[in-house]
Amino acid sequence: PLSALMVNDGVVLGQPLKPSDPAVAAATTLTQLLRDRGVQVVGAPRNGTAPSNAPELARLTSAPLSSLLVDVLTNSDNNAAELLLKELGLVGANSPTRVAGLRVVADALRARGVDVAGSTLADGSGLDASNRVTCATLTSLLESYGFDSVIGQGMALAGTTGTLRDVFTTGPANGRVRAKTGTLRNVKSLSGFFPTRDGAIAFALILNDTGVANQSAYRPLWNGLVQSLATYRESPQEDQLLPR
Numbered sequence: 012p013l014s015a016l017m018v019n020d021g022v023v024l025g026q027p028l029k030p031s032d033p034a035v036a037a038a039t040t041l042t043q044l045l046r047d048r049g050v051q052v053v054g055a056p057r058n059g060t061a062p063s064n065a066p067e068l069a070r071l072t073s074a075p076l077s078s079l080l081v082d083v084l085t086n087s088d089n090n091a092a093e094l095l096l097k098e099l100g101l102v103g104a105n106s107p108t109r110v111a112g113l114r115v116v117a118d119a120l121r122a123r124g125v126d127v128a129g130s131t132l133a134d135g136s137g138l139d140a141s142n143r144v145t146c147a148t149l150t151s152l153l154e155s156y157g158f159d160s161v162i163g164q165g166m167a168l169a170g171t172t173g174t175l176r177d178v179f180t181t182g183p184a185n186g187r188v189r190a191k192t193g194t195l196r197n198v199k200s201l202s203g204f205f206p207t208r209d210g211a212i213a214f215a216l217i218l219n220d221t222g223v224a225n226q227s228a229y230r231p232l233w234n235g236l237v238q239s240l241a242t243y244r245e246s247p248q249e250d251q252l253l254p255r
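Going letter by letter, the sequence shown gives residues 12 to 255 in the numbering used here.
No lab work stands behind these hints: they were computed from the structure.
Glycine included, C-beta positions come from ideal geometry on N, C-alpha and C.
FRET-style restraints, in silico, Cβ to Cβ:
{"id": "1", "residue 1": "R57", "residue 2": "C146", "range": "47 to 55 Å"}
{"id": "2", "residue 1": "R48", "residue 2": "P231", "range": "49 to 57 Å"}
{"id": "3", "residue 1": "L28", "residue 2": "T242", "range": "43 to 51 Å"}
{"id": "4", "residue 1": "S106", "residue 2": "A147", "range": "25 to 33 Å"}
I would like the entire structure built from these sequences, with the hints used as guidance.
As structure tokens, then:
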């Protein structure tokens, strides 16, 4: 389960499974940390509504959205993606729910002129099997923001960071391609930008079939894709065709 109050994405050290109530688990962690430091805590952590006159002990300010997006895109942080969707619902529709967040996202995509034909979003992370996204939607979205945008620069850098740290460690993509990976049991995707002298090329590749998430299946296709992009040439400019 997801909660706005979690510690370490809901992971509790020493426990094989994540707790059913992340907020109580977070409160339990805080209680133990206080007791370890000699602070007396009365009672056990529990759910409830905070009294209106409860004193403020501390305040945390969130990192800016741009920083959160870098984490989501570079490391494929599914928890953060789901909670960001609910935050969009709260800010854009006054309802911190997945449904409201999806409406806000749909409105934003339409406003940007993104090609959403054939695409259906069901959650924030893409883990729901009912999600349907086309390559046209992904490339249209990327092109609407551009390589130099927060999204373009927030994706993993080939052979260097995040989910691409161990991918494209050699060859033309290394240190150049910025992309977001996607992985489900029978799905593997890669979408991002390949910068060239004439500008960055937006690309998207989605594989759907049994076994495509195995490296032996998708890596040759990924390598072939970036090799094609590396050797791609735009049509010659007018001044290049003039007599010399």
